[in-house]
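J.: All chains, full assembly: derive it from the sequences and hints.
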Amino acid sequence: MNKLFTVAMAAFASLLPTLAAAQEAVGIDERINQIFADYTGWYVSFIFAPLPGTNFSWIALWLVVGAVVFTVYFGAIQLKGFWHSIQLVKGDYSDPNDAGEVSHFQALATALSGTVGLGNIAGVAVAVSIGGPGATFWMVIAGLFGMATKFTECTLGVKYRNEFPDGHVSGGPMYYIVKGFSERGLPLGGFMAVLFSIFTILGALGGGNMFQANQAHAQLAGVLGDYPGWITGVILAGVTFAVIAGGLQSIARVTEKIVPFMGVFYVLVSILILLINWDMIGWAFGQIFMGAFTGLGVVGGFTGALIQGFRRAAFSNEAGIGSAAIAHSAVRTKEPVTEGYVALLEPFIDTVVICTMTALVIVISGVLNQDPETGLYIWNAEAGRIATEGEVSGVALTSAAYARAFSWFPVLLMVAVVLFAFSTMISWSYYGLKAWTYLFGEGAAKELVFKVIFCIFIVIGAAASLGPVIDFSDAMLFSMAIVNIIALYFLMPIVKRELNSYVARLRSGEIVKHK
Amino acid sequence: MSKATIVVGLDGSEAGARALSFAQSQAKQIGDCAITLCYVIEWSPFTFQTKEENEQRHKRREEELQRAREVVLDPAVAKAKTSGIEVEGIVRHGDVADILEAVAKQRDAIQIVVGRVGERGLKRLFGGVTGRLVAGSSVPVTIIP
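Protein chains in written order, with this note's numbering: chain A, 25 to 539; chain B, 16 to 160.
Since the hints were made in silico from the structure, they are not lab data. This structure is a prediction, so every number in the text was calculated from the model and none was measured. Don't be surprised by glycine CBs; every beta carbon is placed ideally from N, CA and C.
Where chain A lies over chain B, by a calculated footprint (3+ residues, C-beta under 8 angstroms):
(1) 50-62
(2) 73-79
(3) 101-114
T.: This is the structure:
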């Protein structure tokens with residue numbers, strides 16, 4: 025392995041000058057953009073096409089409808105099973121003889137580190153600035169329904185994963201599509217699994233990689249002053265390569281420990297700001313509820329708020345995309361349903377808790393300009409969003425809102441954004457790799473090819489402003505959801521059977537509490 | 016009454032070995048007494064892991080159990096058996112204090128014997144493993160210096 029690593033490092037290093045040279049020729053950016061726009065533009069437009077007569081993309085509706093169907097089909101599992109989920113994470117039902125295996129808590133924390141990130145910080149700011157405070161309400165609603173989707177996909181992920189002779193496991197939608205479809209005698213399982221894997225690889229290179237590298241660089245350049253993007257790219261790519269190919273797991277381990285800490289710290293700071301402004305919390309909730317149904321001056325009114333909320337929730341918690349099913353399948357449990365229970369907490373933590381915190385702080389801070397007489401938000405037609413302090417959006421808006429309470433916050437946020445971006449990239453390299461090995465087979469050399477490609481794309485993502493390429497990769501992420509949710513519809517009776525059997529044994533006392 | 020049992024916590028150190036010899040002489044004096052040797056691999060379900068670590072976890076666990084048996088437990092069991100005492104060896108993952116207490120309860124043990132681990136600084140301040148074992152145990156605990 026060491027020898028392989030040295031060779032790979034050398035190969036990677038020899039690529040760097042080529043990459044740097046490519047970046048110097050800025051014209052290449054535009055040419056790549058043009059080629060991408062020409063060949064993939066129709067597909068991107070198709071994925072993000074609005075429903076006739078609205079500006080609501082059908083893909084967001086697809087995710088929400090799926091979430092509602094799963095919620096109804098499993099009898100509001102996210103409400104009925106919520107406490108049981110927490111008991112499972114606490115380890116109340118963990119058999120002491122299984123101690124030393126991956127615990128439910130560890131599986132949840134690992135999966136969360138892949139989803140908590142830019143979506144919670146930048147995405148919420150975008151939603152609130154375009155859809156008004158009311159977007160928060162719809163985001164929370166979408167998050168609550170999305171819990172049922174995660175339950176479904178993660179149960180299947182564990183049930184149908186592959187266990188290899190050496191003891192390691194691979195799982196995810198591609199595995200449950202093939203095995204589940206053949207079990208139910210359905211056709212096209214193999215085709216859909218391959219399709220899903222291709223979308224996953226492209227989504228991993230784009231949304232899970234280039235977009236993250238791009239945003240990390242934007243945030244660094246914003247705080248430290250402008251400098252060439254390929255510098256960020258090469259550093260990030262080098263570190264990432266050392267982690268995913270060099271077995272420098274210590275860096276990954278450090279990240280895995282810092283990221284949850286950052287997440288908790290972010291929530292604590294938010295709570296602190298809310299406590300300081302406790303007299304405004306009622307008002308802020310009022311703005312959120314009123315805005316949810318009237319828009320409070322945003323363009324599109326009620327639907328404007330709804331659309332933004334639903335869209336950002338989907339981006340943030342990844343319910344239905346299928347990525348979480350890959351992350352959760354590493355858990356060794358006798359009951360796949362327990363992993364579904366645990367996974368349903370993810371959209372709750374990610375969207376219902378963390379996103380709401382961000383939204384409340386933004387609303388309370390007053391960075392959104394409001395007409396003091398009518399109480400309506402002032403619309404900046406040119407930017408297509410509410411007029412904000414300093415006319416910023418995205419991460420910068422969140423940063424400005426928190427800075428009103430704590431002036432040191434932007435620096436902390438910069439560190440958090442870079443770390444979140446890094447951990448999301450590591451997560452997506454894993455998802456992409458699993459799709460890759462599904463297509464090409466397991467093996468060190470084959471895996472290395474993917475890892476090298478992945479790191480090259482980090483440099484490209486950080487250095488270039490490749491709008492169409494990023495649009496294309498976003499479209500890939502949502503394409504995963506098309507295949508995955510179709511599969512979930514066909515496979516949900518299997519999950520129902522598992523759930524019924526589990527609940528029956530829980531009631532009869534066959535499954536016992538150990539604590 | 017069933018056979019008396021003494022639980023001995025092993026950690027592969029000198030102090031652990033001394034704890035075992037103490038337990039052996041105790042068992043001989045008592046007569047009808049068995050020894051349970053327990054090696055605990057420090058592990059917590061509430062840590063943060065990478066995806067690769069999770070994926071490899073099962074394999075690692077098997078390796079850890081095997082190594083613990085080969086390096087620490089089996090030699091100790093073999094040595095104790097030569098004195099004609101009934102000995103069993105177990106390996107567990109978890110918190111040392113919790114596991115020793117749980118094993119003692121399960122075996123209905125008359126005492127727990129552990130070697131003293133040289134703990135300094137913060138660990139001494141917060142009690143350390145031995146301190147927590149003493150504080151929480153339901154049976155007498157003997158600490159061998």
